[in-house]
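Q: Counting in this note's numbering, the sequence shown runs from 113 upward without gaps.
Please note that the accuracy of each hint is not assured.
[What the hints assert, rightly or not] Below 27 Å or equal to it, Euclidean Cα-Cα: the simulated BS3-like pairs (lysine-lysine) are:
hint, residue 1, residue 2
1, K231, K128
2, K114, K128
3, K132, K231
4, K114, K264
5, K231, K114
[Unchecked claim] Listed next, with one range per pair, are the computed distances between beta-carbon atoms:
hint, residue 1, residue 2, range
6, A176, Y123, 18 to 28 Å
7, F174, K264, 35 to 45 Å
8, L119, F181, 46 to 56 Å
9, K263, C127, 16 to 26 Å
Hints were generated in silico from the structure; no laboratory data involved.
Using N, Cα and C, we set each Cβ at its ideal position, and we do this for glycine too.
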Amino acid sequence: MKLIHRLAAWYAAFCKVAEKLCSPLLLAVRLYWGWQFVQTGWGKLHNQARTVDFFTSLNIPFPALSAHFVSGLEFFGGILLILGLASRPIAFLLTGSMFVAYWTSDREALFSIFSNPSKFYGADPYTFLFAAIMILAFGPGLFSLDALIAKKLRTSETRTKEHWENDAVTG
């Protein structure tokens, strides 16, 4: 029985240490993949005619509008990921954009996710999609403006609540 308790204590301690890796990992993902999104968006922004032609060749509806939207989303979304600001909404939009990229440019890879996973993993949008899903699912981590804003809001909310409680007592 002591062995089980020791193992459980060791496991709990191990998990506590491993959890400390979460925010640094999310920071690394945000910085690296945010920068990758910035670069791809920048390239599309400065080559709009080529991007529109490419989107037209893929039969994407409203190719000019779509090219501007995707270029801006990738460029500005990448900046927001780097900053860790509005991370989950941006990650949601980027995830959708990457699914559209799969659907329009590599549909066969998308449909082979279970039958031929290496085809899915090897497609260009995969790592961008994976990074966006990570931030969407786990958030930006502690090293982000989102976390800083949330902390400030909690502090402000606590002060407001204390103020109202004090007024009720002294009022």
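Q: Need the list of violated hint numbers for this structure, in ascending order.
A: Numbers 1, 3, 4, 5 and 6, in rising order.
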